[in-house]
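Take the sequences, apply the hints, and build the full model.
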Amino acid sequence: DVKVTQSSRYLVKRTGEKVFLECVQDMDHENMFWYRQDPGLGLRLIYFSYDVKMKEKGDIPEGYSVSREKKERFSLILESASTNQTSMYLCASSQDRNEKLFFGSGTQLSVL
Amino acid sequence: EDKVVQSPLSLVVHEGDTVTLNCSYEVTNFRSLLWYKQEKKAPTFLFMLTSSGIEKKSGRLSSILDKKELFSILNITATQTGDSAVYLCAPDKVSNFGNEKLTFGTGTRLTIIP
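Sequence order for the protein chains is A and B.
Residue 1 is where the first sequence starts when you use the numbering used here, and the numbers rise one by one after that.
Residue 1001 is where the second sequence starts when you use the numbering used here, and the numbers rise one by one after that.
For the record, the hints were derived by calculation from the structure and aren't laboratory data.
Some clues are possibly wrong.
With a cut-off of at most 27 Å between alpha-carbon atoms, the simulated BS3-like pairs for lysine-lysine come out as follows [stated by the list, open to error]:
no., chain 1, residue 1, chain 2, residue 2
1, B, Lys1093, A, Lys71
2, A, Lys55, B, Lys1057
3, A, Lys3, B, Lys1057
4, A, Lys13, B, Lys1057
5, A, Lys57, B, Lys1093
Sample of chain A residues facing chain B (criterion: CB under 8 Å; computed from the structure) [what the hints assert, rightly or not]:
no., residue
6, Tyr10
7, Gly42
8, Leu45
9, Val52
No residue lacks a Cβ here, since even glycine has one placed at the ideal position from N, Cα and C.
Printed below as a string of structure tokens:
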């Protein structure tokens, strides 16, 4: 079974802190994604990557950056966390461009 | 702008009932529509629908797509408490960069009462 692992289930940070959310997949998938999920808004795509060192903006990239130095790892970076970035963050991966996503268990980030 | 609307937002039924969840969409360069089930944290894949009118089935779950009317339904028969979850639909499209990405609806929260 494909496994997508997110490093933290719960994270509490202060406003202005730099935050790293890590995601690792073990199935050699080409594509990786970062979403955030908020009540009433559903899952919204922040960034995605279809190859090592490649990244594309999703629908809400402002305030975020990403890094994909290795195929299996996709990191989401909040350079200066703000309270409106309190959310559930979900990482996902897929092998093909049009195939189903496999999701990690999510990181609930609270920015105080 | 792409739009995905799921209805109802929330549904509470008794075990054994049959439910129908709806998803309507407006997306450019539509390719397929996917359904996911989210019980606690990680959404898990249910179906991918590409062609109109062809029902996909998995046990008590089934789904169908209407590409002319731009909607899909997810049916669950003989519901069980384990079906309690948020059900997400996600139209898949070809993006400006040529890579497909999903646009998720806000989901239908289904609660099954024993």
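Right, here's what the structure says about each hint:
1. The hinted pair formed by B:Lys1093 and A:Lys71 meets the criterion: a straight-line CA distance of about 24 Å does not exceed 27 Å.
2. For the given pair, A:Lys55 sits about 36 Å from B:Lys1057 by alpha-carbon distance, which is inconsistent with the 27 Å threshold.
3. Between the alpha carbons of A:Lys3 and B:Lys1057 the distance comes to roughly 25 Å, so the proposed pair stays at or under 27 Å and holds.
4. With a C-alpha separation of about 44 Å, the suggested pairing of A:Lys13 with B:Lys1057 is violated against the 27 Å cut-off.
5. Proximity of A:Lys57 to B:Lys1093 is assessed by CA-CA distance (about 15 Å); at most 27 Å being required, the pair is judged to hold.
6. Given hint, A:Tyr10 at the interface with chain B, is violated; its Cβ is 11 Å from that chain's nearest Cβ, farther than 8 Å.
7. A distance limit of 8 Å between C-beta atoms decides the matter here; for A:Gly42 the minimum to chain B is near 4 Å, and the interface restraint holds.
8. Because the beta carbon of A:Leu45 sits about 6 Å from the nearest beta carbon in chain B, less than 8 Å, this interface hint is met.
9. Here the hint on A:Val52 is broken, as its CB sits about 15 Å from the closest CB of chain B, past 8 Å.
Checked against the numbered hints given earlier, this structure breaks hints 2, 4, 6 and 9; the rest are met.
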